[in-house]
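2 protein chains.
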Amino acid sequence: MTDARLDPVLDRIDAELPAALDRLMTLLRIPSISTDPAHAEDCARTADWLAEDLKSLGIDAAPRPTTGHPMVVGHGQDAGPHLLFYGHYDVQPVDPLDQWKTPPFEPEMQETTHGKVIRGRGASDDKGQLMTFVEACRAWKAVHGSLPAQITFFFEGEEESGSPSLIPFMKEHAADLTADIALICDTSMVSPGVPSIASQLRGMLKDEFTITGPRIDLHSGHYGGPALNPLKEIARIVASFHDADGRVAVEGFYEGVDEISDELKRQWENSGFDERTYLESVGFTQSHGEAGYSTLEQQWSRPTLEVNGLWGGYMGPGSKTVIPSQAHCKITCRLVGDMDPDKLRQKIRAHVAAQLSPDAKVTWDGDLDGAPAAVMNTDRPEFEAARQALTDEWNREAVLVGMGGSIPIAGYFKDILDMDAMLIGFAKDDDAIHSPNEKYDVESFHKGIRSWARVLAALSA
Amino acid sequence: MTDARLDPVLDRIDAELPAALDRLMTLLRIPSISTDPAHAEDCARTADWLAEDLKSLGIDAAPRPTTGHPMVVGHGQDAGPHLLFYGHYDVQPVDPLDQWKTPPFEPEMQETTHGKVIRGRGASDDKGQLMTFVEACRAWKAVHGSLPAQITFFFEGEEESGSPSLIPFMKEHAADLTADIALICDTSMVSPGVPSIASQLRGMLKDEFTITGPRIDLHSGHYGGPALNPLKEIARIVASFHDADGRVAVEGFYEGVDEISDELKRQWENSGFDERTYLESVGFTQSHGEAGYSTLEQQWSRPTLEVNGLWGGYMGPGSKTVIPSQAHCKITCRLVGDMDPDKLRQKIRAHVAAQLSPDAKVTWDGDLDGAPAAVMNTDRPEFEAARQALTDEWNREAVLVGMGGSIPIAGYFKDILDMDAMLIGFAKDDDAIHSPNEKYDVESFHKGIRSWARVLAALSA
Chain A
1 MTDARLDPVL
11 DRIDAELPAA
21 LDRLMTLLRI
31 PSISTDPAHA
41 EDCARTADWL
51 AEDLKSLGID
61 AAPRPTTGHP
71 MVVGHGQDAG
81 PHLLFYGHYD
91 VQPVDPLDQW
101 KTPPFEPEMQ
111 ETTHGKVIRG
121 RGASDDKGQL
131 MTFVEACRAW
141 KAVHGSLPAQ
151 ITFFFEGEEE
161 SGSPSLIPFM
171 KEHAADLTAD
181 IALICDTSMV
191 SPGVPSIASQ
201 LRGMLKDEFT
211 ITGPRIDLHS
221 GHYGGPALNP
231 LKEIARIVAS
241 FHDADGRVAV
251 EGFYEGVDEI
261 SDELKRQWEN
271 SGFDERTYLE
281 SVGFTQSHGE
291 AGYSTLEQQW
301 SRPTLEVNGL
311 WGGYMGPGSK
321 TVIPSQAHCK
331 ITCRLVGDMD
341 PDKLRQKIRA
351 HVAAQLSPDA
361 KVTWDGDLDG
371 APAAVMNTDR
381 PEFEAARQAL
391 TDEWNREAVL
401 VGMGGSIPIA
411 GYFKDILDMD
421 AMLIGFAKDD
431 DAIHSPNEKY
441 DVESFHKGIR
451 SWARVLAALS
461 A
Chain B
1 MTDARLDPVL
11 DRIDAELPAA
21 LDRLMTLLRI
31 PSISTDPAHA
41 EDCARTADWL
51 AEDLKSLGID
61 AAPRPTTGHP
71 MVVGHGQDAG
81 PHLLFYGHYD
91 VQPVDPLDQW
101 KTPPFEPEMQ
111 ETTHGKVIRG
121 RGASDDKGQL
131 MTFVEACRAW
141 KAVHGSLPAQ
151 ITFFFEGEEE
161 SGSPSLIPFM
171 KEHAADLTAD
181 IALICDTSMV
191 SPGVPSIASQ
201 LRGMLKDEFT
211 ITGPRIDLHS
221 GHYGGPALNP
231 LKEIARIVAS
241 FHDADGRVAV
251 EGFYEGVDEI
261 SDELKRQWEN
271 SGFDERTYLE
281 SVGFTQSHGE
291 AGYSTLEQQW
301 SRPTLEVNGL
311 WGGYMGPGSK
321 TVIPSQAHCK
331 ITCRLVGDMD
341 PDKLRQKIRA
351 HVAAQLSPDA
361 KVTWDGDLDG
371 APAAVMNTDR
381 PEFEAARQAL
391 TDEWNREAVL
401 VGMGGSIPIA
411 GYFKDILDMD
421 AMLIGFAKDD
431 DAIHSPNEKY
441 DVESFHKGIR
451 SWARVLAALS
461 A
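Each protein sequence line maps, in turn, to chains A and B.
Under UniProt numbering, the letters of the first sequence match residues 1 to 461, in that order.
Under UniProt numbering, the letters of the second sequence match residues 1 to 461, in that order.
The set of hints was computed from the structure by calculation and includes no laboratory data.
Idealized CB from N, CA, C, for every residue including glycine.
Some hints here could point you the wrong way.
[Claimed, not checked] In silico BS3-like links for lysine-lysine, alpha-carbon gap of 30 angstroms or less:
| id | chain 1 | residue 1 | chain 2 | residue 2 |
| --- | --- | --- | --- | --- |
| 1 | A | K414 | A | K343 |
| 2 | A | K171 | A | K361 |
| 3 | B | K361 | A | K101 |
| 4 | A | K361 | B | K343 |
| 5 | B | K265 | B | K343 |
| 6 | B | K55 | B | K171 |
[What the hints assert, rightly or not] Now the stretches of chain A that chain B is said to cover, found in silico as 3 or more residues with beta-carbon under 8 angstroms:
| id | segment |
| --- | --- |
| 7 | 216-225 |
| 8 | 308-317 |
| 9 | 329-336 |
| 10 | 421-433 |
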């Protein structure tokens with residue numbers, strides 16, 4: 001089925017690519033690190049910039065204050081199916097800064113052996129992906145004077161820091177945010193050039209604990225031997241989280257975890273995922289996850305308990321003969337199936353308590369956010385329409401895939417607004433999101449914009 | 001045996017205490033943190049101050065440059081036995097700074113339930129202890145116009161950072177530094193009011209390693225499961241250092257370790273050491289060391305492998321869903337008996353290498369300094385003379401004790417200059433050396449000065 005409306009839009013997108021890249025660069029220069037209070041003003045500036053950009057498309061948009069960073073909500077007045085598009089404008093912290101080859105907030109176009117890339121924090125996650133949809137709308141508006149659907153834009157500024165304001169905001173503004181279906185651009189392609197629609201996402205649980213041993217820091221000579229060392233204590237506790245097969249050893253951890261269907265397993269095996277490239281690109285010769293599961297299963301359909309930060313004692317130059325009073329650990333779990341974040345949190349805390357030596361104390365100070373895993377309603381006709389549109393753009397059969405990451409918003413749309421979501425993204429495994437030297441391929445950006453133009457045509461046909 | 005020379009010196013010390021405290025305060029205000037290159041200039045200023053102070057006693061003193069921080073060497077021209085006094089003017093880092101109730105380098109006199117104390121970094125270790133000897137000399141000189149012995153002063157500025165310049169300096173200036181016996185004031189009293197001469201010291205070994213997992217920091221969603229997490233890896237390695245009985249599990253670790261004699265065991269049991277107070281003062285209800293050994297044995301005659309720093313991943317505010325590329329660990333061992341630091345280093349490195357998972361790499365970047373344990377030559381008559389002098393001052397039988405800390409200088413004096421050393425110190429277990437809110441009791445300072453005056457009389461009788 002060809003759509004006469006589409007070709008001029010695609011031509012416009014090709015012609016306007018340099019201008020679209022300039023706009024993305026401008027957006028990337030604002031250091032909107034949401035987890036660091038020092039960057040609150042930068043987050044507000046980013047929200048303002050996006051609202052202004054939407055207004056230039058004739059969208060009635062404005063930043064909406066929250067107790068945290070502002071949301072941006074915009075309403076298009078055009079006819080057609082009612083679609084909501086979600087993206088987030090906040091980014092991850094940049095440390096370790098010394099590993100960046102170029103300053104994280106001074107984005108650059110760079111030629112690489114794999115083609116042109118946009119280098120900088122947020123280039124892929126999620127500013128670059130967010131703008132693919134905005135640019136598709138801009139082209140459509142420029143060519144046809146209107147958008148092919150009634151589109152609500154919803155941009156968040158706290159996705160990288162647990163979305164503390166999201167649920168209250170969605171509940172308060174439910175009418176404002178409800179559409180026929182939500183479109184989300186915050187996911188990656190299963191392998192280069194293979195357009196992917198995410199049909200299941202892992203959930204997330206975060207927590208943080210401190211182990212206290214002695215009342216004060218001690219001299220390792222005067223107390224070394226008799227003293228309980230919280231660094232050794234926390235190491236023993238962290239080591240107890242997993243068994244020799246890489247299975248999480250927390251009692252009841254796997255409650256609610258199901259094996260995936262043979263059909264899904266077959267689809268994943270045929271998804272074009274290149275295990276060797278995926279592992280070698282980060283320096284691995286083998287997969288290190290739970291024994292008995294494929295790399296994709298370990299990444300998409302198995303839960304994890306990861307340590308994201310571990311610290312205590314002297315970390316400066318030289319040495320210090322100290323037995324510190326405290327040691328600290330930040331953890332996150334990825335959830336699948338029906339795992340309940342709150343119940344799991346209690347199981348993990350009970351496990352740690354059970355490991356403690358006499359005289360050792362544990363205190364928990366994690367932000368208590370968590371989100372269960374999400375499975376998309378792929379029976380909706382929009383999924384087949386989008387799958388066809390993506391297949392047309394990439395000349396490669398689009399596939400339904402899982403995602404190892406957590407995008408709680410998909411679950412919230414369902415639970416709070418009873419709205420299904422469809423996740424389409426163009427990121428690549430080697431984008432180094434959350435890492436130094438994050439990048440987004442210009443091809444992902446360009447064909448991503450074209451892909452959304454095609455999806456808009458397909459959903460409004 | 002009474003010594004007519006002594007009483008007027010002791011009277012002078014009592015009368016001059018306020019002035020002596022003022023001088024110590026001035027010395028404590030200089031932040032001479034030797035391990036931090038940012039404080040090199042402060043170390044140099046401290047050396048200058050000490051050289052000037054010695055000159056005011058008629059000592060021919062000057063800072064002596066090294067490739068690191070300067071030494072201070074001073075020679076008295078008086079008659080009598082040739083004694084060398086050693087102390088160190090550098091101090092430990094002050095972190096965690098937020099746990100200090102008063103600024104570490106703005107020393108204060110404070111009233112406590114245990115009496116008056118001088119609060120500040122270095123008050124006890126070692127500036128306060130060093131000045132007890134200098135003040136004793138000042139009083140003697142003021143009263144008698146000369147010192148009762150030929151005294152060489154030797155102050156180091158790198159004791160808290162592995163003494164990198166010490167051995168080359170001692171070798172180069174051996175003639176300059178050789179005396180009949182070395183006196184060292186850098187140790188503590190086994191219990192409050194019990195004068196103590198250290199007859200054995202644990203040795204020291206320092207090392208530091210980095211575990212590298214993935215080539216770059218990874219997103220814990222996209223890679224969590226298949227990825228090797230260096231934080232979990234380093235936790236497992238650290239946990240493998242000890243068995244369930246608190247014994248070090250590194251193969252061959254206890255080579256060269258002997259049980260102490262029944263006689264020494266008896267002396268220690270009668271040393272007045274109050275185990276309960278020692279443990280409770282830092283928040284312990286029990287000893288956590290090697291099973292089957294008393295707290296004093298764990299502290300004085302058993303070796304340790306301690307973790308002094310452990311870090312990796314995200315340590316900032318909020319959370320970050322990262323699997324870091326690297327994790328780091330600083331360790332120190334306390335050595336006893338004939339344990340060889342260099343052989344032990346290889347055993348520990350071999351142990352770590354044997355624990356590594358596939359794709360995990362270890363790199364070692366510790367400064368390679370180490371020192372074996374030291375046992376003093378207590379048969380020398382100076383020990384009995386000093387023991388009697390200390391007993392007279394404190395009205396409590398002075399005892400020969402072990403020390404958990406490491407003072408490599410004692411071993412160097414023997415190995416390089418063939419000079420025995422005698423360690424007498426007045427610090428207390430609750431001085432919080434190397435910790436926030438370090439203090440030195442005014443009683444330790446005052447009676448410490450008086451003790452040295454008595455020891456000088458006894459050694460020159």
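Status of the hints after comparison with the structure:
1. Using a Cα cut-off of 30 angstroms, the hinted pair K414 (chain A) and K343 (chain A) holds, with the two alpha carbons roughly 21 angstroms apart.
2. Straight-line distance between C-alpha atoms of K171 (chain A) and K361 (chain A) comes to about 39 angstroms, which puts the hinted pair past the 30 angstroms bound.
3. Distance check on the hinted pair: K361 (chain B) and K101 (chain A) sit about 23 angstroms apart at the alpha-carbon level, within 30 angstroms; holds.
4. For the suggested pair K361 (chain A) and K343 (chain B), the alpha carbons sit about 36 angstroms apart, so the restraint of at most 30 angstroms is broken.
5. As the CA atoms of K265 (chain B) and K343 (chain B) are separated by approximately 28 angstroms, the hinted pair is consistent with the 30 angstroms bound.
6. For a cut-off of 30 angstroms, the pair hint linking K55 (chain B) to K171 (chain B) stands: about 25 angstroms separates their Cα positions.
7. With 10 residues bearing a CB less than 8 angstroms from a CB of chain B, the segment 216-225 of chain A meets the requirement of three and the coverage assertion stands.
8. Proximity of the segment 308-317 of chain A to chain B, defined as three or more residues with a beta carbon under 8 angstroms from a beta carbon of that chain, is established by the 10 residues found.
9. Judged by the Cβ-Cβ criterion of 8 angstroms, the segment 329-336 of chain A is covered by chain B as claimed, because 3 of its residues qualify and three suffice.
10. With a cut-off of 8 angstroms between beta carbons, the segment 421-433 of chain A has 3 residues touching chain B; three or more are needed, and the interface restraint holds.
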